[in-house]
Amino acid sequence: MIQFFHVSKKYPGGQAALDEVTFDIPRGQFVFLTGASGAGKTTLLRMIFREEVPTSGQILVNGRNVSAIPRSKIPYLRRTIGVVFQDFRLIARKTIFENVTYLPQVLGVDLQEQKKLAYQALRRVGLAHRLNAFPPELSGGEQQRVAIARALINDPDILIADEPTGNLDPDLSREILRLFLEVNLRGTTVILATHDRDTIQRVGRRVLTLDHGRLANDQELIGTDPPALDPLAAEAPQVPEELIPAPEPPPEETAG
Amino acid sequence: MSLLKALRYFFREAGVNLLRGWKVSLLAVLTIAVSLFIGGAFLLVSDNLESSVERWRGEMRVVIYLKPETPEADLRRLAAEAARAPGVRSVEPVTAAAARKRFQEVFPSLSNLVAGWQEEPLPASLEIGLDPRTAGNAPGREAWLASWRTRPEVSLIDDDREWLGQLATAVAVVRTVGVALVAGLLGAAIFTIASVIRLTAYLHAEEIGIMRLVGATELYIRAPFYVEGLLQGVIGGLLASGALWAGYQLLHARGGGSLFSSVLALDFLGAQQVAFLILLGGAAGLFGAVVSLRREAL
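Sequence order for the protein chains is A and B.
Just so we're on the same page, this note's numbering is the position in the first sequence counted from 1, plus 2.
Just so we're on the same page, this note's numbering is the position in the second sequence counted from 1, plus 106.
Chain A with its partners taken away, still in its complex shape (with noise of 0.2 Å):
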């Protein structure tokens, strides 16, 4: 699905933000990359949906030379990937289903069925009825899950988030973390590039250290508490105790 091959990326300073890096990644697969800030996290990123171009080194993705892909074909690579920001960007001006359709609207696909993708991508981040919002009616969290159900409306092979957590409360990053992990249930590849290291001993998973450009790690981590952030055991509805009904006495026995 992902793969590099010794990718470096120089700048023309001559600091390196990426050396020698080289993993493949297979279809299906929840990975966090994580490192210190400048560790080269984000240039990784962006060089998946081609954003940047390596000095050296190849990136496939699907099988494809991502950095072969004449500039014309760039559209469609990054239509089989979804993109998630830690500062959401989502446009102002336009409501919530406009930014969610944005890419159906590219696509040409017709007012009543871009409604129901807005619906259904919308309904799997909670929001299904925001769509008439614009972005800054919005708290934080509910901006980063329209900007996720904006990369989740065309069904992407991949989703990339670049600290989407970054600009959370705990609780909503929880929250989002969930839907990530959710996603990835459904088959999507998912890359969660973060420095949270407490979410990543809790959940688990494949983990990617950068380290001043270079691989410095490449581990798979057993979770400490996976329940927490599991999504389908999140599904069962939390009811505060205060609210379910005491058993009912047993029917007293009538003197006959």
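Source of the hints: derived by calculation from the structure; they are not laboratory data.
Fair warning: this is a prediction, and the values are worked out from it, not measured in the lab.
Any given hint might turn out to be false.
Sample of chain A residues facing chain B (criterion: CB under 7 Å; computed from the structure) [claimed, not checked]:
(1) R81
(2) V85
(3) Y104
(4) L105
(5) V108
(6) R125
(7) R176
Quick list of simulated restraints, FRET-style, between CB atoms [to be verified]:
(8) A:D157 <-> B:V396: 34 to 40 Å
(9) B:A289 <-> A:L62: 30 to 36 Å
(10) A:N64 <-> B:L110: 31 to 37 Å
(11) B:T282 <-> A:G16: 57 to 63 Å
(12) A:A18 <-> B:E312: 27 to 33 Å
(13) A:A218 <-> B:L110: 53 to 59 Å
(14) A:G15 <-> B:V397: 30 to 36 Å
(15) B:R118 <-> A:R125: 24 to 30 Å
(16) A:N134 <-> B:V397: 34 to 40 Å
Straight line, CA to CA, 25 Å or less: simulated SDA-like cross-link-like pairs of lysine to any residue [as the list claims (entries may be wrong)]:
(17) B:K111 <-> A:Q116
(18) A:K96 <-> B:G315
(19) A:K75 <-> B:L270
(20) B:K111 <-> A:L133
(21) A:K117 <-> B:M317
(22) B:K111 <-> A:L109
(23) A:K118 <-> A:G128
(24) A:K117 <-> B:F116
(25) A:K118 <-> B:A205
(26) A:K96 <-> B:S108
(27) B:K173 <-> B:I263
(28) A:K117 <-> B:L113
(29) B:K173 <-> B:R126
Virtual Cβ for every residue (Gly too), placed ideally from N, Cα, C.
Position chain B against the provided structure of chain A, taking the given hints into account.
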């Protein structure tokens, strides 16, 4: 995506951009409107001047004035001779008495000037109408006129072609000056539109980045800006045409019968010329947009 859907999207986005940045859009529209207004005014004047020249060319004639002592019989003979020359449409022999009578009819207040003379004060003449198809230049015309000048009966030859030729040169000068001026002004208008479009694209840089991210093609991203330039140009052309029409009506209302209305602005521009002005505006706007978004400008 179907062409119709794409066009609808491009025009809607362009319309929204125009309205949102209406102040800078207005600047671009007015710049192009002023350029086209000046161009249109030159076109109007030169066209009317040219059609006046054409009209006068149709009435072009050569008048051969004879010496006072020429007998009337010679006048008739010379008239018959002139009528046989190629490119001559008509010959009217005007006797000295007829010339005086005509003068008195045309200028009744000056009729005393030509009355009471022992001899006729005005000379007899031959008024020779020339064929407008050859613009008075039938083969051998100069030699033919030269032969008339040497005749003992002829005192003076008045040739319309001389001043009509000068007027035609003046029309060409007006047209050339107009074209040069409009080229310069349109250049300025294109520069303004290009700047406005570049500014709009700059303001939307983040949005354009998002469009690229989700897989929009370059055409899909750029086309609304091209349409925006096109619309600015077309609106400028419409404004210029409207202002020309209003100006034409105003001047006619104030100066009916003047030199202006009879020679320089007798007729308004034709539908094709108005369409040309509007299309020229659209083309200038589109060109400005394309120039502003060329290569990596977006």
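For each hint, the structure was consulted:
1. Interface hint status for A:R81: upheld, as the beta-carbon distance to the closest one in chain B is roughly 4 Å, under 7 Å.
2. The restraint placing A:V85 at the interface with chain B holds, with a minimum CB-CB distance near 6 Å, inside the 7 Å limit.
3. With a cut of 7 Å, the hint placing A:Y104 at the interface with chain B holds, because the nearest CB-to-CB distance is about 5 Å.
4. Below 7 Å, beta-carbon pairs count as interface contacts, and A:L105 has one with chain B at about 5 Å; its hint therefore holds.
5. Evaluation of the A:V108 hint against chain B yields a held restraint, the C-beta minimum of about 5 Å falling below 7 Å.
6. The interface hint given for A:R125 is broken, as the beta carbon of that residue sits about 20 Å from the closest beta carbon of chain B, more than 7 Å.
7. With its C-beta approaching chain B no nearer than about 26 Å, A:R176 sits outside the 7 Å limit, and its interface hint is violated.
8. Checked against the hint of 34 to 40 Å, the pair A:D157 and B:V396 passes, with Cβ atoms roughly 36 Å apart.
9. Look at B:A289 against A:L62: about 54 Å separates their beta carbons, and that is not inside 30 to 36 Å.
10. The hinted range of 31 to 37 Å is satisfied by A:N64 and B:L110, whose Cβ atoms lie roughly 33 Å apart.
11. In this structure the hint that B:T282 and A:G16 lie 57 to 63 Å apart at CB holds, the actual value being about 59 Å.
12. In this structure, A:A18 and B:E312 meet the distance hint of 27 to 33 Å, their C-beta atoms being roughly 29 Å apart.
13. The hint said 53 to 59 Å for the Cβ distance between A:A218 and B:L110, and at roughly 54 Å that hint holds.
14. Hint check: A:G15 to B:V397, Cβ distance near 33 Å, so the stated range 30 to 36 Å holds.
15. A C-beta distance of roughly 28 Å is found between B:R118 and A:R125, which places it inside the suggested range of 24 to 30 Å.
16. Take A:N134 and B:V397: their Cβ atoms lie about 38 Å apart, and the range 34 to 40 Å holds.
17. Taking the CA atoms of B:K111 and A:Q116, the gap is about 14 Å. The hint holds against a cut of 25 Å.
18. Restraint check: the Cα-Cα separation between A:K96 and B:G315 comes to about 15 Å, which is no more than 25 Å; the hinted pair holds.
19. Among the hinted pairs, A:K75 with B:L270 is inconsistent with the structure: their alpha-carbon atoms are about 64 Å apart, more than 25 Å.
20. At roughly 22 Å between alpha-carbon atoms, B:K111 and A:L133 fall within 25 Å of each other, so this suggested pair holds.
21. For a cut-off of 25 Å, the pair hint linking A:K117 to B:M317 stands: about 19 Å separates their Cα positions.
22. With a C-alpha separation of about 10 Å, the suggested pairing of B:K111 with A:L109 holds against the 25 Å cut-off.
23. Taken as a hint, the A:K118 and A:G128 pair is honoured in the structure, with Cα atoms around 15 Å apart against an allowance of 25 Å.
24. Proposed proximity of A:K117 and B:F116 is supported: the alpha carbons are some 21 Å apart, at most 25 Å.
25. This hinted pair does not check out: A:K118 and B:A205 have alpha carbons roughly 94 Å apart, beyond 25 Å.
26. Restraint check for A:K96 and B:S108: satisfied, since their Cα atoms lie roughly 22 Å apart, inside the 25 Å limit.
27. Under the criterion of a C-alpha separation no larger than 25 Å, the hint pairing B:K173 with B:I263 is consistent with the structure, at around 11 Å.
28. Of the pairs offered as hints, the one joining A:K117 and B:L113 holds, with about 21 Å between alpha carbons and a cut-off of 25 Å not exceeded.
29. At roughly 80 Å between alpha-carbon atoms, B:K173 and B:R126 are farther apart than 25 Å, so this suggested pair is violated.
Comparing the model with each earlier hint shows violations of hints 6, 7, 9, 19, 25, 29; every other hint is respected.
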